[in-house]
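A.B. asks: What follows is the residue order along each chain.
2 protein chains.
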Amino acid sequence: MDYREAGVDISAADAAKQRIKRLARGTFNPGVLSEIGSFGGLFRPDFASYQEPVLVSSTDGVGTKIQVARLMGVHDTVGYDLVAHCVNDILVQGASPLFFLDYLALGRMDPDRVEAVVSGVTRACQEFGCPLVGGETAEMPGTYADDDYDLAGFIVGVVERGKALPAGVSAGDALLGLPSAGLHTNGYSLARQALFAKAGHQAATVLPELGTSIGAALLAPHKSYLAALEGLIERGRIRALAHITGGGFPGNIPRVLPDGLGAVVRRGSWEVPPLFRLIQAAGEVPDDEMFRTFNMGVGMIVVVAPGDLHEVEHSLERRGEPSFLIGSVVEGPGVTFE
Amino acid sequence: MDYREAGVDISAADAAKQRIKRLARGTFNPGVLSEIGSFGGLFRPDFASYQEPVLVSSTDGVGTKIQVARLMGVHDTVGYDLVAHCVNDILVQGASPLFFLDYLALGRMDPDRVEAVVSGVTRACQEFGCPLVGGETAEMPGTYADDDYDLAGFIVGVVERGKALPAGVSAGDALLGLPSAGLHTNGYSLARQALFAKAGHQAATVLPELGTSIGAALLAPHKSYLAALEGLIERGRIRALAHITGGGFPGNIPRVLPDGLGAVVRRGSWEVPPLFRLIQAAGEVPDDEMFRTFNMGVGMIVVVAPGDLHEVEHSLERRGEPSFLIGSVVEGPGVTFE
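So the protein sequences, as listed, match chains A and B.
In terms of this note's numbering, the numbers along the first sequence are unbroken and rise by one, the last being 338.
In terms of this note's numbering, the numbers along the second sequence are unbroken and rise by one, the last being 338.
Next up, chain A with everything else stripped away, as it sits in the complex (with noise of 0.2 Å):
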């Protein structure tokens, strides 16, 4: 016997290895001081413009997203979902990405699957700075399907002490909504019972109010907020942000609000995108379980001073990023909707 007829082939995992290794190189900057295949990456920091720096860290998965994936066929842009998701959770913190790592295990090592998985993880790391320094790519026979995986991403950011986020949030705040560009790495369980085991849509099916197929409007690419958030942030603009991921509204908003401070949320204050409707209409989801499951159209809430709200909306809107004014901080804890 040997590792192959265990399921496991090492000759395969070595030619994904190096592909992965030519992508990652890609996304290097002068402080990567190791190759992908050490032990360890090496990354040194340039902390000198910063008093006291604080590294932040977060990890996160792209759910059953990778079962709509597979459907299509196409796999690189849950790798671009993986990376904008953990850059939107650190940059909740004030924090600009410092570096990524990834874990992809898969039932069966395809080096193809696993280059296009990991090209757009390189892709978006070199979109949002954030070389790639290590990974670990595994092959589990058992655990997995043979066409089955899963995928985790790790980034480290920094931010001045001073600096991290949320920070002086006070009732008479505005909350601010950033439009997001689909259901970004949540709900996809709910969503893929919905459409297709309970409405029986395909995967291929176009409709007119998706201008795609529904595949492709679930497929649609997690938006990362750095490059809208970040200079408003160094300027102290921002109190604080809500990454609406697992838990949508009332489980996200409450993370970066101080004891004894909630929210109200104007429903009608936004559109709601048509795939959520969509997906509400299928599985016949009430009101409430949509808005604790999906972000119904708005990937981060921006919490801002009355003061500073004029500033912040036209800074957003130079920028060509659109933003609704969806609510409040109000006294008393959790969100409330109107």
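Incorrect hints may have been included.
Intra- or inter-copy, both count: the list cannot distinguish identical chains.
To be verified - Below, simulated DSSO-like cross-link-like pairs (lysine-lysine); rule was C-alpha separation at most 30 Å, straight line:
{"no.": "1", "residue 1": "Lys163", "residue 2": "Lys21"}
{"no.": "2", "residue 1": "Lys17", "residue 2": "Lys223"}
{"no.": "3", "residue 1": "Lys163", "residue 2": "Lys223"}
{"no.": "4", "residue 1": "Lys198", "residue 2": "Lys223"}
{"no.": "5", "residue 1": "Lys223", "residue 2": "Lys21"}
{"no.": "6", "residue 1": "Lys198", "residue 2": "Lys21"}
{"no.": "7", "residue 1": "Lys163", "residue 2": "Lys198"}
Because the hints were derived from the structure by calculation, they are not lab data.
Since the structure of chain A is already known, use the hints to place chain B on it.
C.D. replies: Just chain B now, kept in the frame of chain A:
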């Protein structure tokens, strides 16, 4: 329809999160500035004693050792394995741990299962002085069987740039082998195939040569070499370390040798533990395949200049750490067995 009908239980996730929060708090040190549950973990590094701090990061999983954990109904040790593996990976670069994050994906969100796994993670985090500052726990019905899960870890450490390993490896350097505690976290697909599928053993079968059941022997926790080696690294007595993980001897020793240098390993210079001999016999696995799949009883190889060998052996002995002189660095690439 709601999220629960789609197989995702937000209440169970909340319950699991509370238990993780409590466990993680027990790992915190003064560097940790955030609670579990924020979007990113905040860690303020103390680099006052460093001239040029380099961040060293690594990610890994525990592979199909999880399938043995399921057979035995024991889920804390794989959590411990995860941290010990990652600590060893950055130790190879000369780094000490700063903080850790974990990713746990399950077919069904079972708070007891989550708590068991994470309790192993946090026990190891405490032992290695490496706070758990964040993580993700994802319920992914369909990707994982109801009772199945996968686990990935992510570590960040620091090394003074001038003390990063490997450094100065030369032909004639000695290779010291440090004993492993078992299979650590590699080769489980082959081991399970050989022992269970081919030889028909049961996990609960107690064998005299193992002194315990096959399942318990397979689950023996991954050993970390941090305590044994950090002082020697600090004093500049080690030129390189090779963590013997996936790929075994030929896959890992060359990763830390300069181009043009290789290694000669004398197979008879240490006693291969009974578990490896049992797997080899059960699966009729050739010697070469054993050495490129398993650690064969040597979990870490220490590359030492001949002049430092006595001091290193003596230091390890004083700490109660056995070591074997298993070979040397030679001109010419690859790993040759004698």
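A.B. asks: Please flag the earlier hints that this structure goes against, numbers listed from lowest up.
C.D. replies: 6 and 7
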